[in-house]
Each structure stands twice: as structure tokens, then as C-alpha cells.
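*Asks:* Protein sequence lines, in the order shown, are assigned to chains U and W. Going by our numbering, 1580 is the number at position 279 of the first sequence; the sequence numbering is gapless. Going by our numbering, 1336 is the number at position 35 of the second sequence; the sequence numbering is gapless.
Derived from the structure by calculation, the hints contain no laboratory data. Check before you lean on any hint, since a few could be wrong.
Unchecked claim - Below are the DSSO-like pairs computed for lysine-lysine, each with C-alpha atoms no more than 30 Å apart in a straight line:
| id | chain 1 | residue 1 | chain 2 | residue 2 |
| --- | --- | --- | --- | --- |
| 1 | U | Lys1491 | W | Lys1494 |
| 2 | U | Lys1333 | U | Lys1315 |
| 3 | U | Lys1577 | W | Lys1333 |
| 4 | U | Lys1577 | U | Lys1326 |
Stated by the list, open to error - Output of the computed footprint for chain W on chain U, the stretches with three or more beta carbons under 8 Å from beta carbons of chain W:
| id | stretch |
| --- | --- |
| 5 | 1303-1309 |
| 6 | 1476-1486 |
Stated by the list, open to error - Counterexamples of contact, computed for chain W against chain U with all Cβ distances above 10 Å:
| id | residue |
| --- | --- |
| 7 | Ala1402 |
| 8 | Lys1483 |
| 9 | Leu1564 |
What you are looking at is a predicted structure, and each value in this text was computed from that prediction instead of being measured. Note that CB positions come from ideal geometry on N, CA and C, so glycine has one too.
2 protein chains.
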Amino acid sequence: MDYYQHFRVSPGSKLNLDKFDATCKDLHDDRKAAEEETLKLRERIRELQYQLYAERKRSVLICLQGRDAAGKDGTIRHVFRAMNPQGCRVYSFKVPSKIEAEHDYLWRHHRVTPGLGHVAIFNRSHYEEVLVVRVHNLVPKDVWKKRFDEINQFEKMLANNGTHILKFYLHIDPEEQLERFKKRLDSPAKQWKISDADYSERIYWDDYTKAYEDALTKCSTDHAPWFTIPSNRKWFRNYVVAKIMVSALESLNMSYPETSVDLAEIRRLYHEEKQKEDDS
Amino acid sequence: MDYYQHFRVSPGSKLNLDKFDATCKDLHDDRKAAEEETLKLRERIRELQYQLYAERKRSVLICLQGRDAAGKDGTIRHVFRAMNPQGCRVYSFKVPSKIEAEHDYLWRHHRVTPGLGHVAIFNRSHYEEVLVVRVHNLVPKDVWKKRFDEINQFEKMLANNGTHILKFYLHIDPEEQLERFKKRLDSPAKQWKISDADYSERIYWDDYTKAYEDALTKCSTDHAPWFTIPSNRKWFRNYVVAKIMVSALESLNMSYPETSVDLAEIRRLYHEEKQKEDDS
């Protein structure tokens, strides 16, 4: 099954998240097989990232979005930790700092877009500017409405300049979210993650749904597609994200760069040095 | 064996790198056992990094130094990729950019020191300012001589403000370096890493030795120790670095932070929400 195509939000399509199946039991129900496959996919991601790094011709930007407890941190821990930290940086965007708030809303994201050969992962992203900002009326409607176009243009410019963009929306349903909050309550290693906002945001569930539907349909483009990931089951979420990552990275047709040095000359030097060593 | 103490450069001690055993066959010669142990140590590093991240009280700065082909990249790939990229960033310092060169030599390093809860890995570091800079006379002697004190003061200030510093010098001997250059020549996936400088720097071997001896002895302090790592055998290098990392992180006595929220109130909310769900 081509998960890349299946879960991609087609540009200009409609999307009804309330009807989107966050579990997809009929699509896959063999956890053990999926977990084994995910390990292999991670190895492949590693190889492909190494080529990206060696090639130094393109960069990759990954945006992770989702409600509280949807699994953004978990996806990084289980899928993206396949990557060598030498070529991969994660940026978590929280409430803007004073300096950040004194700039346009794309400024702080643009500063940390990936350089050639590198991967950047945005844990929450510039999309919060049409999500939390919209739901809580942090700016007037006529301001955030312009942002869909502005974001598309920003991403188009990045793509034109060698950045390959992939955006994942991790979809869970309200029952699953509640279960996960419960688990945090019961685990000493997870209690520190609980915030008062977890529950207070739940009354805005439908407002967020509407905001996500707009963001995903208005900003899924050929150069920067959105993927809706069924995330009720963590192992399936990891599997789907890993499969899409491999498809995307393989489509780049990367290769190791030609060396810029004169290999014959270097070989001659090697033998000269070796001779010296052997003589001494 | 306490590798942390064994390979630590004692403050104020003498060091003769030409006599330092880069292999240490007598210390450990069971590759399989060491590799298995290293996997376990990596898991432990992962757990400890997660606590550091959760705690958000301290940060960790790791400096990796070594000659070409000493294994800086390999150490990151094999040991430090245990870390979740969400809380760990690698910074590779190459020839300074124009803007960087217009500032003091510590500026570009200070900008990227780790924040609370985070780990930063410097792949080459501010120590190049008393290594390559000294060997190639890029600044006069009276300038670089002042840097040992300046670096110690800089690191002391970082330590006073919650940054735990560990510095690894990966030691190989000239024969091993030559062998590694040879392997790069023969591997299509490694040829791109070859630079003309690899061989041309070899004539400065003894100058670098002297420069490293000074840097390591003058700047190994209680708050920012240097470790000389025998690195001829990659598996042993990984094992020693992983062991030292675990010792260092365990000595921080970290714990998960107390939650700032009212857990009883959150539990009440959970049951209220659950009731609503069950009723509907």
C-alpha cells in the first residue's frame, strides 16, 4: 500500500477530520510485523540521511503538528531518532519570546530552516499561527486569514531553494486523548509533562478541528504536502510516518558526491608515506 | 575499572602523547563483550538524557577533538546517537565565516552553548583556537598564549551557571591515521570525505602533539575535565566514551521534577470528562 499517496492531503481537497479514522484497524492490525518493519525503515532513513548529508545539495524540513498528547515527542523518539544528530536538529516552538514577538510570525522559524545536507524537525511550527492563534483570537480574523497564502509563498520559496518539506498532522480522537492524559497521571516519569492547559483546551476541540481542516487543505501543496496520520495506535503512527519518510527521501534520488581531490595523487602520497613508515 | 578517573587528564599534570598508548590492548581485548556493553550503556545514556531534559535544571556541553580520521564523526554516530535529537544538538565548527571572524574567537561557540535540559556536542570546538591556529601561526604567540586562561574562565562561568562540561580528545597514532586514509580511498561511500589537507597536515604531526599536550594539561579543570581516549580501535573508543558519559551523567543525581499542577484536581477533571463521554 502506498501510504504516501493514501494519507497525503490532496491540494484543494475537502477534509472532514471528525470522520477521519484515527485507528485504521482495517488497514493494518499486525503490531508485531509493523514494529519489525519500522526498525528496518529506520535503518533505511539513516542511510538516506547520510547520503543527504554527504551530497550537501538539498535540505529537508519536517513539520510535526497535533493536539496535546497526539504523539509529537513520541514520533521524534521512535522514528526520527534514527537520524544522526550531526545532521538533524529539532526545534520546539513554544510561546514566542519577547524578541520573537517583536518580529513577523515567520521570523523565528525562518532563522532555523535547515542548511544544505541538513534536516530540521519543527515540533509545532509556523502553523500554530493559524491554529492556537485563531482559536484563541490572538490576532483579528483578517490578519490570520492572510497567513495561508503567506505560508504557502514562504514554503514555495524554501522549496525553490532546495528545501524538501514534509508536514505531518498526528490525528487522535478525543477519547484517546483522555486515555493518554490518564496514563500521564499514573506514571511518575510522565507527570511532569502535565499542564493545566491539557484539560482546559479540550473545550476548544471543535474549534481546533475546523482550524486544522483549513490549515491542511489550504496549505497542502505539491512542494510541501500535508499528511494526516492516524495516531490512536502509536505503533501504526510510527510505521506510517517511517514509510512516508522513506518514500520521500528515496524520491530525491541522491548519490554520494564525486570527490573533489585527485585520487591518483592521494594514492601516490599514501604509498610514499607508507614507505617512509616502513623504512623507519 | 573506573575509566572516568583512568583517562581523565589530572589538572596540572604532565602529558606525553607520543608515549600514550592509543590501543590499550592490555586493558581490554574482548571486542564482542565491549560492543554488547556499549549498547547497554547507550540505553542508559538515553534514560539519563531524558531525565536531564525533564528536569530542565542543568545542561551538558561535550567537546570532541582529534586529528583527521581520529573518529569524531564516528563517536557521534555510535555513541551520541543514543540521544534523542529533541534535546541534543551537534555543532561542527569549520573555518569561521566572515561575520564570525569579525568577533572574538569565543563568540560563535558561546551563541550555541546548551540551554537548560539540553546537550550540545561541539565537533571541533573553541580549542581549535590553540591548536590549528597555533600550528599554522594564524595569530601571534602572545595572542594564543592568553587563550588558555581565557578558555578556563569562559568554561568556569558556564559551569557556575549550570553547564556540565566534558571534553574528549580522541588519540590515534600516525600509522592508524594512514590506514584510515587508505580505507577512505577504497570506499565509494567515504571518498567524498577526503580532502587534500589530510596528507598535507601530516607533516605538522609533532606540532599538533605539542599543541594538544598544552591544551589538555592547561585546560583540564575540575569543572571541565579533558579525557584522552585511546582511539586506534573504534569499538574500544566507543566503549570508553560511553562509560565516561554514564559516569558523568549519573554523578548529576537527577530526578524527575515535581509536577506544578494540582494532580487531585486533574484527576477530578478526568473523571468528569470520562463521565461526559460515557453518558453520550
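*Asks:* For each hint, tell me whether it holds in the structure or not.
*Replies:* Evaluation of the provided hints:
1. Proposed proximity of Lys1491(U) and Lys1494(W) is contradicted: the alpha carbons are some 42 Å apart, above 30 Å.
2. At roughly 34 Å between alpha-carbon atoms, Lys1333(U) and Lys1315(U) are farther apart than 30 Å, so this suggested pair is violated.
3. As the CA atoms of Lys1577(U) and Lys1333(W) are separated by approximately 34 Å, the hinted pair breaks the 30 Å bound.
4. For the given pair, Lys1577(U) sits about 67 Å from Lys1326(U) by alpha-carbon distance, which is inconsistent with the 30 Å threshold.
5. Under a criterion of three residues with beta carbons nearer than 8 Å to beta carbons of chain W, the stated coverage of the stretch 1303-1309 of chain U fails, only 0 such residues being counted.
6. Note: the stretch 1476-1486 of chain U has 5 residues with beta-carbon separation from chain W under 8 Å; the three-residue rule is met and the coverage holds.
7. For Ala1402(W), the requirement that its beta carbon stay farther than 10 Å from each beta carbon of chain U is met, with the minimum near 19 Å.
8. Chain U draws Lys1483(W) into its interface by the beta-carbon criterion, the shortest separation being 6 Å against a cut-off of 10 Å.
9. Under the 10 Å C-beta cut-off, the non-interface status given to Leu1564(W) relative to chain U is violated; the minimum distance is some 7 Å.
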